[in-house]
Amino acid sequence: MAVYKLKTPISEDAVRKLKVNDVIYVTGTMVTARDSAHKRALEYFKEKKKMPIDLEGLVVFHCGPIVKKEDDKWTVVAAGPTTSTRMDLFEDEFIKAFKVRVVIGKGGMGRRTTEGMKKYGAVYGAFTGGAAVLAAKAIKKVKNVEWFDLGMPEALWILDVENFGPLIVAIDTHGNNLFGEVQKRTEETRPRIYEKLDIPTG
Amino acid sequence: MDIEIMVENVAVELLRQAVTKLPRDVKEALQRAHREEESDVGKTQLQAILNNVELAEKTGTPMCQDTGIIIFYVKAGAQAKGLDTIEDALIKATKRATNEVPLRPNSVGIFTRKNTGDNTGRYIPYVNWKVTQGETIELTVFPKGGGSENVCALGMIRPGEGLNGLKKFVLDTVLNAGAKPCPPNILGVGVGGGADIAMKIAKAALLRPIDQPNADPEIAKLERELYEAANMTGIGPMGLGGRFTVLGVNVDHANRHPASYPVAVAVQCWAARRASARISFDGTVEYLTHKVV
Numbered sequence: 010m011a012v013y014k015l016k017t018p019i020s021e022d023a024v025r026k027l028k029v030n031d032v033i034y035v036t037g038t039m040v041t042a043r044d045s046a047h048k049r050a051l052e053y054f055k056e057k058k059k060m061p062i063d064l065e066g067l068v069v070f071h072c073g074p075i076v077k078k079e080d081d082k083w084t085v086v087a088a089g090p091t092t093s094t095r096m097d098l099f100e101d102e103f104i105k106a107f108k109v110r111v112v113i114g115k116g117g118m119g120r121r122t123t124e125g126m127k128k129y130g131a132v133y134g135a136f137t138g139g140a141a142v143l144a145a146k147a148i149k150k151v152k153n154v155e156w157f158d159l160g161m162p163e164a165l166w167i168l169d170v171e172n173f174g175p176l177i178v179a180i181d182t183h184g185n186n187l188f189g190e191v192q193k194r195t196e197e198t199r200p201r202i203y204e205k206l207d208i209p210t211g
Numbered sequence: 004m005d006i007e008i009m010v011e012n013v014a015v016e017l018l019r020q021a022v023t024k025l026p027r028d029v030k031e032a033l034q035r036a037h038r039e040e041e042s043d044v045g046k047t048q049l050q051a052i053l054n055n056v057e058l059a060e061k062t063g064t065p066m067c068q069d070t071g072i073i074i075f076y077v078k079a080g081a082q083a084k085g086l087d088t089i090e091d092a093l094i095k096a097t098k099r100a101t102n103e104v105p106l107r108p109n110s111v112g113i114f115t116r117k118n119t120g121d122n123t124g125r126y127i128p129y130v131n132w133k134v135t136q137g138e139t140i141e142l143t144v145f146p147k148g149g150g151s152e153n154v155c156a157l158g159m160i161r162p163g164e165g166l167n168g169l170k171k172f173v174l175d176t177v178l179n180a181g182a183k184p185c186p187p188n189i190l191g192v193g194v195g196g197g198a199d200i201a202m203k204i205a206k207a208a209l210l211r212p213i214d215q216p217n218a219d220p221e222i223a224k225l226e227r228e229l230y231e232a233a234n235m236t237g238i239g240p241m242g243l244g245g246r247f248t249v250l251g252v253n254v255d256h257a258n259r260h261p262a263s264y265p266v267a268v269a270v271q272c273w274a275a276r277r278a279s280a281r282i283s284f285d286g287t288v289e290y291l292t293h294k295v296v
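In order, the protein sequence lines correspond to chains A and B. Quick note on numbering: the first sequence equals residues 10 to 211 in my numbering. Quick note on numbering: the second sequence equals residues 4 to 296 in my numbering.
Please note that a few of the clues may not be correct.
[To be verified] Short derived list, chain B residues pointing at chain A, Cβ under 8 Å:
| hint | residue |
| --- | --- |
| 1 | Asn118 |
| 2 | Val154 |
| 3 | Leu157 |
| 4 | Leu174 |
Worth flagging that the hints you see were computed from the coordinates, not collected in a lab. Glycine included, every Cβ here is placed at the ideal spot set by N, Cα and C.
Using the sequences and the accompanying hints, generate a full structural model.
Right, dumping it as structure tokens:
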């Protein structure tokens, strides 16, 4: 479990060095994006429309935060990760199109994303589900909000973060997927536990 | 005393307590899991959870951004006055807490697809009523997150399979859920009654402190067995691998139809939020799960 601190813009080389089980902390610009934002971004790319922000080397966070506006200034109250598998539909195309280097969420992602990360150079960092205050503490400033018409949870929140983590590298650029490995091992325990519980099999 | 205003104020306070501070038993279980977890990655997750819980308490902010769908349990003394105003008071409290705590607006219309913005809507907040003797009102809030709700399961197993079938269904539910419900989880298991009854008692079982085994030694033994089985899966904290997949298993049961054997598993994420208070007829309020400074 090596520990790395990364600063945006993050290079492709920097993420290619990481391996599953490594711990990373990121500093710099992070952008929240959920289902609708991913979908719209890919539409923009297809139609060659200019994105509100250049995402190259940045960090994408699967998160629908609670954000509060006071004196015309936004502050993030709570910002834990949302379930990432929903973004499996878009993520490989998204990484290819926008060259983001770190994708943060919870619960892991599937084979398509794992292949995309290997091919285009990005890692998946698992942030502790529900640890919303810890996340909010590392968010120093809301730089901007775009696509607010999608609603508070779905908008693109452009955030200034400092030592955001700990993030467990759960998908690396070498085709490893930690959640997949755990799932496989877990599945192998099934017959053993059935036996312990005296559950007839077959 | 004006029972409506009283209930509204207490409910707002309970919602605040529930989302910002874990009940003692859950916090202690997380601390124990952190001490005893053998997986390094699992330990980092439990450490992050504990740091987060500490920060949430200190700053009075919600420990998780998903502050859930709001559920209330009301034990209403039949002699208490103004019982007809309680449901309105709870709706008002939900709206106020959404603004004041704040809570994330989580109530979306099925056909309108619109978020009402204040955590209320058709049947929401949901109120479970029980009429009791006397004049006191016991109020419990139970904000329930979506991630763990999505893996709750109901099985209508064959009565011939009996307890073995129940154990298999609970274990399969845990294995199928994997990382999704933000483990370590608490499982509420309801068996018997009917489909709806099993799920109702499964969910209500989540209100019992996890360091308090079922009073019936047979059922307590079953709880222990299910707890050990779930923790043999190796899913671990956040599904990243480890010993602690569940923090506790609470079982409740109802008698069943001879032909039916409903088993319901209500899955709770580590952010097991609940808070209760008792309101007496003279207007005194006793907070039961959280100390008020």
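Inset, instruction - Could you tell me which of the hints above the structure violates, numbers in ascending order? - result: 2, 3
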